[in-house]
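What follows is each chain in one-letter form.
Number of protein chains: 2
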Amino acid sequence: MSSDTNRQGFEILCRDQGTQGRCGLITTPHGMVHTPAFMPVGTQATVKGMTPEELEELGVEILLCNTYHLYLRPGEEVIARVGGLHRFMNWNGPILTDSGGFQVFSLSPLRRISEEGIVFRSHLDGSEQFLSPEDAIRIQRRLGADIAMCLDECIPFPASYSYAQESTARTLRWARRCKEALGAQPEPLLFGIVQGGTFEDLRRQCAEELVNMRFSGYAIGGLSVGEPHEERIRMVEFTINHLPEDLPRYLMGVGAPEDLLTFVPLGVDLFDCVIPTRCARNGLTFTRFGKLDIRHAVHKYAETPIDEECGCYTCRRYSRAYLRHLHMAKEILSARLLTLHNLYYYMKLMARIREAIHQGQLKAFQEEFFRDWNAQKAQAL
Amino acid sequence: MSSDTNRQGFEILCRDQGTQGRCGLITTPHGMVHTPAFMPVGTQATVKGMTPEELEELGVEILLCNTYHLYLRPGEEVIARVGGLHRFMNWNGPILTDSGGFQVFSLSPLRRISEEGIVFRSHLDGSEQFLSPEDAIRIQRRLGADIAMCLDECIPFPASYSYAQESTARTLRWARRCKEALGAQPEPLLFGIVQGGTFEDLRRQCAEELVNMRFSGYAIGGLSVGEPHEERIRMVEFTINHLPEDLPRYLMGVGAPEDLLTFVPLGVDLFDCVIPTRCARNGLTFTRFGKLDIRHAVHKYAETPIDEECGCYTCRRYSRAYLRHLHMAKEILSARLLTLHNLYYYMKLMARIREAIHQGQLKAFQEEFFRDWNAQKAQAL
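Protein chains in written order, with the numbering used here: chain A, 1 to 381; chain B, 1 to 381.
To be clear, the hints were calculated from the coordinates, so they are not data collected in a lab. Check the hints yourself; a few may be wrong.
Counterexamples of contact, computed for chain B against chain A with all Cβ distances above 10 angstroms [said to hold, decoys possible]: (1) I12; (2) T51; (3) V225; (4) K300; (5) N374.
Have a look at the derived ranges for each label pair, beta carbon to beta carbon [unchecked claim]: (6) A/R73 to B/R278: 49 to 57 angstroms; (7) A/G126 to B/G226: 56 to 64 angstroms; (8) A/A351 to B/R87: 28 to 36 angstroms.
Backbone N, C-alpha and C define an ideal beta-carbon position, used for all residues, glycine too.
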């Protein structure tokens, strides 16, 4: 970590009383992030439907962008020539880029893993591509990431012990190569990713070896891939016990509202997930009392907003009847207004979580959240 | 016209010296419209991709909404129950609704015209529907239009004289029924539509009879349906000569930038067209020097905005390289940013046209416009 030279890094501001939850501050070349934080996903250098100014107004402090997508289109060269991702997309806050590995596994119609890296086919044009740990670091640096991720393999669920063992060992070797590729450069911050499937000994071994390599933060990867909910909780809890207290922990790809209230109390600092934005485009919105499906016929004549308690632009101005109409008519404004609402909901929820931690009341807030959330009376409101 | 009771109506503010162009003011229940004006199209109760606040900031004073679409979805009942179109879509300025006739002819897979009205099939679900002149007025009133249009038949091009004669006579009878359906109500303003194909005597007869019925304004319909450019100009010029000086003239569905500079000098006051919004979604943008296609490979690395002279949000913040990427990646933000630019271009152009009229310099401005526009050097800028 390079906090000596330019004060980048992580600082814990306070800890909750009854849980492992904590509030912190990540300092990056493009500013600070208050944790626990939720990172909206800007896959193709845009959070679908939103301008950067709108995100800023919502209180978004950090975005995640997908290296795989940007590498294929428009290509690292385009973004690098224009001066990097921040300038390209007009977002001046911190950006975390993933390594591209996860998307290679989930989107590429063909891939072949070797010690050297991953051969895959572009989902756009079928062209053969190659991604090594060194490539992943080079691309993320050229994109101008504030936080970069090591190239890893996300192990599917279920996986045999022997496959998980072999894969995790390779992920560790790749992590070392990523660290070396970055060299002594202070930027970006580089996070290691703990894999190991659902096997405790592999998770522990992976965490310990990564910690020995001294990354700026640690991610828990390979979850939310189909494993049972209890298994996910067990793995997060177990893995966090093997990570340093004083560095950020990032739970990758997990981030339904219930997840935030499940994993912050276990000590997770960072989340990313497409749920708020993708659900919005599908007509699903969030309220204190659960999900509200704007497509539902019950909203046809409804003059009420999505959530009468909500202060977002969408809820201050538009009826469910109008929002339902826009969605049914496949209007762009539907995606905009519902995304705005869902991100507002998320940002507000994270702010309340941080506040609860500051007050040492996270447990009580968690109970209150689940009581309301499980009431499932949003539709009828 | 009801200007006696509530001052609705039209006032001419000034006339150009060398052309028939004039500046005016239309007063409606929801405020005033400075003419010549361009009306962005909000087909389904939304100008695709834009919020009402954004339109207002762009200087948009009046929108056009399509009765046909809104009648089919969400239905007049939904909009009426929520309190009308203005409240439904959160737009507090004037709204002009068309009668639904044009879309019936262009979108419905089947239609049958009788004296009574039009039987057609919904393009959404194939259901059989019926629209009479009285229906068209009832629906537009329930939507809460500020300016309503008479139900007419848009004669295709080419059409035989006998068909055009028969159709125009029916359009006139329907116009009378529309006027009667409105009764003595002061709202909405009701415009008659001059049809007659490309036959001067039919156009004259239609105009004269409509004028005798005393509408609040007159539209020139049935153009931009495939007729040669010269024919269109001839018909507009000819028709306007048979319309009252002191009432607004609306050229329906015509509105490429060149059209605005062609027809304002002939005395047209109102335009509507999907060009700025639809082109934006297809990657076509407007500049002083002609159209710029953002998809063009020449923009791949371009750090310049669409138009360096333009002061719109898009041009102040985003490079062509980024806009091209967004469009190629089919991102929602592309439609937003390019629509914003194109509408800004249109609003600015209309403001400059009005200014030129006030200065008695419309002819000179027209020449300047066409000199730059035809230079076609936008792509290379």
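Comparing the hints with the structure gives:
1. Consistency note on B/I12: stated as away from chain A, and its beta-carbon is indeed over 10 angstroms from all of that chain's, at 36 angstroms minimum.
2. Non-interface call for B/T51 relative to chain A: violated, since the shortest CB-CB distance, roughly 7 angstroms, does not exceed 10 angstroms.
3. Distance check on B/V225: its Cβ is at least 26 angstroms (rounded) from any Cβ of chain A, clearing the 10 angstroms threshold; non-interface status holds.
4. B/K300, annotated as away from the interface, has a beta carbon of chain A within 10 angstroms; the closest lies near 6 angstroms.
5. B/N374, annotated as away from the interface, keeps every beta carbon of chain A farther than 10 angstroms; the closest lies near 31 angstroms.
6. A C-beta distance of roughly 24 angstroms is found between A/R73 and B/R278, which places it outside the suggested range of 49 to 57 angstroms.
7. Judged by the Cβ atoms, the range 56 to 64 angstroms given for A/G126 and B/G226 is violated: they are separated by roughly 41 angstroms.
8. Look at A/A351 against B/R87: about 32 angstroms separates their beta carbons, and that is inside 28 to 36 angstroms.
Hint check: violations occur at hints 2, 4, 6, 7; the rest are consistent with the structure.
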